[in-house]
Each structure stands twice: as structure tokens, then as C-alpha cells.
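The hints should help you fit chain B onto chain A, whose structure is shown.
Chains A and B are the protein sequences, given in the same order. Take the first sequence: its position 59, counted from the start at 1, is 59 in the working numbering, and no numbers get skipped. Take the second sequence: its position 129, counted from the start at 1, is 1129 in the working numbering, and no numbers get skipped.
Take these hints with a grain of salt, some might be off.
[Claimed, not checked] Derived EDC-like pairs: lysine to aspartate or glutamate, alpha-carbon spacing no greater than 16 angstroms straight-line: (1) B:Lys1203 / A:Glu10; (2) A:Lys35 / B:Asp1012; (3) A:Lys35 / A:Asp91; (4) A:Lys103 / A:Asp68; (5) A:Lys103 / A:Asp70; (6) A:Lys103 / B:Asp1012.
Everything labelled a hint here was simulated from the structure, so no lab data went into it.
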Amino acid sequence: MVRLADLPPEIAANLLEVPIQDYGPAPWVSAPDLKNARVAIISTAGLHRADDTKFARGSAEYRLLPGDLDYADLAMSHVSVNFDRSGFQQDPNLVFPLELLRKLEANGEIGAVANWHYSFMGATDPTRMNDTASQVARLLKEDGVTAAILIPV
Amino acid sequence: MDVLRSLLGLFDRESGPIIEDYPHDSPVTPESDMAWSCVLPLPPLQAVSKPAETLQQSLLQEVGLLAPWYSESVRRMGRTSFGLSGLSADSMPEIATYLTGLAAGDNPEPPEGQDEPLPVVVRFMVDDVKSYYMEAANEQPGASTPGGVRMWAWFFHETRMGQVLYDLQDRFTLEYAEKTAANGGTPPPGSTPVNLITRRFAKRPEAMAD
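Just chain A, with the same shape it has in the complex (with noise of 0.2 angstroms):
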């Protein structure tokens, strides 16, 4: 994600208004070597499918994007009027990097891309996806997921 530092100084500093969850000491695991790991991602962005249901206001849904998306297939529901998508109108690739993943992938740089990836909407307050997130886990466990690539923009 951008750095606070090149963030319009007013975005910024309403980020650091948002309260920080206390979620206990942070569980660490063995990372998978990259070259044998299965990788998702996970945004924030509010993306989802052209035909799949925007999202709305306060919405702490997800949407599932298959790993066979087409770009042409990708659009962006994002509530927030200060959310710039700019550099997602020139670049999927900045917000859901699928086909550099499945370049990666081309390369052996990585095992695999997953089947399934899912969107969230960013401007919802995170506490209250404390559920769909839970569901999001077991379907990446279901889908055979070793590494998760969170993109919270």
C-alpha cells in the first residue's frame, strides 16, 4: 500500500484516527517455499466480477474472483469517493495482480495459482468481517491455499 508519507496529508491523518483491533499475540507459521506454495489474493479493493452484485455501503461481504479472470471481466465497486482508482483504470495488476502471479507461476517462481480469490470492500469497518473473513480462511484452506497475498488498498 501507499506509504502514510505520500498519502494527501488529510487521508493520512484520518488513517491514523482509525482505531487499531487488539487481535492477541500474533500466531506465526513456517512459510511455504515459494517454488512448491499454492498463492491467493486478497483485497480490499471492492472488486468483484462485472456480473457479480456491487458491493454497498458498509457491506462486509466478499466476492469470489476465479484464477482464470479476465481482466476484461474485473470491476470495482468501492463506496468511498476518495478511493482512487486511477491506477486500477491503468493496471488491474496494481490492485489484484492475478496475471503477475500467473507469470510466477509460468516461471517456477511459485507452485501455483489458487483456484479462487476474494475481494472485500475496504471502507467497512473490519471488525464487522470478523465472519466472512473466518469463511474466507476455511475456503483457502478447502483450496489447498500455503501462501496469502493481503492487499489492503
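Coordinates of chain B only, in the frame set by chain A:
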């Protein structure tokens, strides 16, 4: 790709959690960003005291000038972020006319298929309008591509559409205040303020005032 490789490289660290900045700066600097300018001869901004027909004609001219560059962007990229409203970019003149009418204080019929409550209809239409303008701007010939801040500055402060959105924002803000006052100072249930203007550009520039 280098950013992604650096991120994945964090998995090789033996201890953590890790918070680390990517070591390279963005190629877009505030200076290079602000150097971009729209090369299309968009109609000059009009004082809002001009007749409504003049303002609408000016907006439709602007939309028409951007059309070939938006289409070129779709051809080159093979995609567009336009479509949240359920309308196609061919409907841009209709959308522009509708938004101008709303901004002028009228209550025009929305384009066909727009069945959601007004704030939702307007939100998705405005998102599509931004996509249309910004994708067209990205595609124009020139040495640089605008960064996000420059793009927003151009859209809100240098286009007739930006001017329309300030007018529309003023209308929604006034109506929300009136509803709140009529409800004894608290917003009526289900009523939320409609925000169309990015916080950074919340203030209408002097050049757009009468």
C-alpha cells in the same frame, strides 16, 4: 513485477511479523504528476449564471470530444471500468443530460433501467462518468500519464463535468440539511448524506464561481 517479487520474498524471512517499506520510490513524483495536461480543446468552463442550455451544450461537447479517446482506451486495454450503472458508454450523452438536470434542481427521469434509489443511481453513474473521463485522459497522446492526484484535479477543477458535480453536491447537501432540520435536527431514518466530491477537492475552486 518487482514489487510482487519483493512482497513474496518476505515469506523467506525466518522471523516476523515484518513491516517493511518497498525500497524504491514511485516513478510518479508530485512534479511529474502535475506536468500532465489534457491536450484536447475542451470547451472553457462557463459561469453557472449562463443559461442552462448553454451549460448543457458545453457538457455534451466535452463528452463528445472525449469519446474517441475513451473508445481507443477500451480497444487498447481490452477492458473498461465503466459499467457499474448498468449503462454502456454509448449512454454518456444521456447520463450527462440527466446529471445536468439534477444539478440544476430539476427532477428528470433517469435513463432506462435505473430503478435503485436516487443516491445509488447517482453514485454508480458518477463512478461511470469518472471512468469515462479518466480512461479517455489516460489514452491521450503525450509524454506522461497522469497520476491519481493530477487526474482528480483535472476532472474536478478543469472539466465542465466537474462543475456539474459541484452543483449536484450543493443540491444534495442542501436537501440533506433541510431534511435533518425538518426532523428536529437529527437525520431522518435511512437518510445518509450523498458525497460525490473527493475530500481533497471538496472546495469548489474560485474559477468555477460566478
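With the threshold set at 16 angstroms, check whether the alpha-carbon distance from Lys35 (chain A) to Asp1012 (chain B) stays at or below it. Judged against 16 angstroms, a Cα distance of about 11 angstroms means the pair holds.
Could you grab the alpha-carbon distance between Lys103 (chain A) and Asp68 (chain A) and see if it respects the 16 angstroms cut-off? Holds, at roughly 13 angstroms.
Quick one, are Lys1203 (chain B) and Glu10 (chain A) close enough, alpha carbons at most 16 angstroms? At roughly 14 angstroms apart (the allowed maximum being 16 angstroms), Glu10 (chain A) and Lys1203 (chain B) satisfy the hint.
Given hint Asp1012 (chain B) paired with Lys103 (chain A) - CA-CA distance at most 16 angstroms: Violated, at roughly 20 angstroms.
Are Lys35 (chain A) and Asp91 (chain A) close enough, with their CA atoms no more than 16 angstroms apart? violated, 26 angstroms
Check whether the Cα positions of Lys103 (chain A) and Asp70 (chain A) lie no farther apart than 16 angstroms. Holds. Lys103 (chain A) to Asp70 (chain A) sits at ~14 angstroms (cutoff 16 angstroms).
The structure does not agree with the numbered hints 3 and 6 stated previously, though it agrees with the rest.
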